[in-house]
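Student: Mind the numbering: the sequence shown is residues 64 to 281 in the numbering used here, read in order.
The set of hints was computed from the structure by calculation and includes no laboratory data. Just so it is clear, the structure is predicted and the values come from calculations on it, not from any experiment. Hints may contain errors.
[To be verified] Pairwise CB distance ranges (calculated):
1) Leu-81 x Asp-236: 44 to 54 Å
2) Arg-223 x Ala-107: 36 to 46 Å
3) Arg-223 x Val-182: 37 to 47 Å
4) Arg-198 x Ala-82: 11 to 21 Å
5) Tyr-237 x Gln-151: 31 to 41 Å
The beta-carbon is built from N, C-alpha and C at its ideal position, and this holds for glycine as well.
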Amino acid sequence: MDSTLNLSALGAHLGLDLAAVALLTFGVFYPRHHRRELVPAYLALNVALFAVVAGLGTVGGDGGLALGFGLFGVLSIVRLRSDALQHQEVAYYFITLVLGLLCGLPALSLPVAALLSGVLLVVMYGADHPRLFARDRRAVVTLDAVYREEGALRAELARRLGEPLGWTVQEVDYVRDLMVLEVRFRQPEPSRRRGELTIRRRTTRSRTIAPSHPKETV
64 MDSTLNLSAL
74 GAHLGLDLAA
84 VALLTFGVFY
94 PRHHRRELVP
104 AYLALNVALF
114 AVVAGLGTVG
124 GDGGLALGFG
134 LFGVLSIVRL
144 RSDALQHQEV
154 AYYFITLVLG
164 LLCGLPALSL
174 PVAALLSGVL
184 LVVMYGADHP
194 RLFARDRRAV
204 VTLDAVYREE
214 GALRAELARR
224 LGEPLGWTVQ
234 EVDYVRDLMV
244 LEVRFRQPEP
254 SRRRGELTIR
264 RRTTRSRTIA
274 PSHPKETV
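All chains, full assembly: derive it from the sequences and hints.
Tutor: Quick look at the structure:
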């Protein structure tokens with residue numbers, strides 16, 4: 064009787080976990096980032112953590128060992144940070160791990176696990192929404208000059224990218240006379256950008272088209 068109840072509870076927790084990670088992966092992550100290669104990684108990581116935590120919780124009884132293992136997995140995700148893996152994708156890794164941890168704990172009731180999973184999904188949906196800081200960008204820029212004054216550097220970055228919010232100097236080469244920076248900037252509004260492009264085109268045309276003079280007849 065107890066084994067039947069345990070299996071039914073485990074199946075309910077597994078269904079909740081699969082529904083949550085599917086909603087996170089296919090409903091939020093992929094439509095926004097289109098990183099197909101990360102989809103199986105998220106799914107496999109979530110289901111694997113759920114299986115290990117559920118198994119350890121069943122053997123250990125109170126789930127303390129499972130909780131410790133899950134926290135170790137959450138903290139070790141920091142090692143995945145690299146240039147190829149952006150901060151948003153690391154955040155999705157965190158949520159995937161925590162979903163598997165919450166849904167896999169046998170001592171946690173199904174309503175509480177569902178509530179906490181819903182909170183995680185709502186927070187991730189809002190935190191990574193495209194309209195949140197929509198014009199803020201990050202880029203690695205190589206300048207063909209070494210700027211010693213902050214004002215001149217800010218003006219050059221504003222001319223090339225938009226409003227600079229901050230930057231980090233990654234490399235300064237005095238031999239080749241260049242700088243490599245990681246720049247966080249805010250793009251100008253679309254209407255303003257169209258106006259600037261129109262003014263530039265008109266200025267270019269006025270410079271390239273020479274005035275025509277009538278020929279004098281003798």
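Student: So, for every hint listed, does it hold in this structure?
Tutor: Evaluated hints:
1. One distance hint, 44 to 54 Å for the beta-carbon pair Leu-81 and Asp-236, holds here, with the actual separation near 52 Å.
2. Remark: the range hint 36 to 46 Å for Arg-223 to Ala-107 is upheld by a beta-carbon distance near 41 Å.
3. Taking 37 to 47 Å as the suggested C-beta distance range, the pair Arg-223 and Val-182 conforms, at roughly 41 Å.
4. Range check, Arg-198 to Ala-82: Cβ separation about 34 Å, and the 11 to 21 Å hint is violated.
5. Checking the proposed 31 to 41 Å range against Tyr-237 and Gln-151 shows it holds: the Cβ atoms sit about 36 Å from each other.
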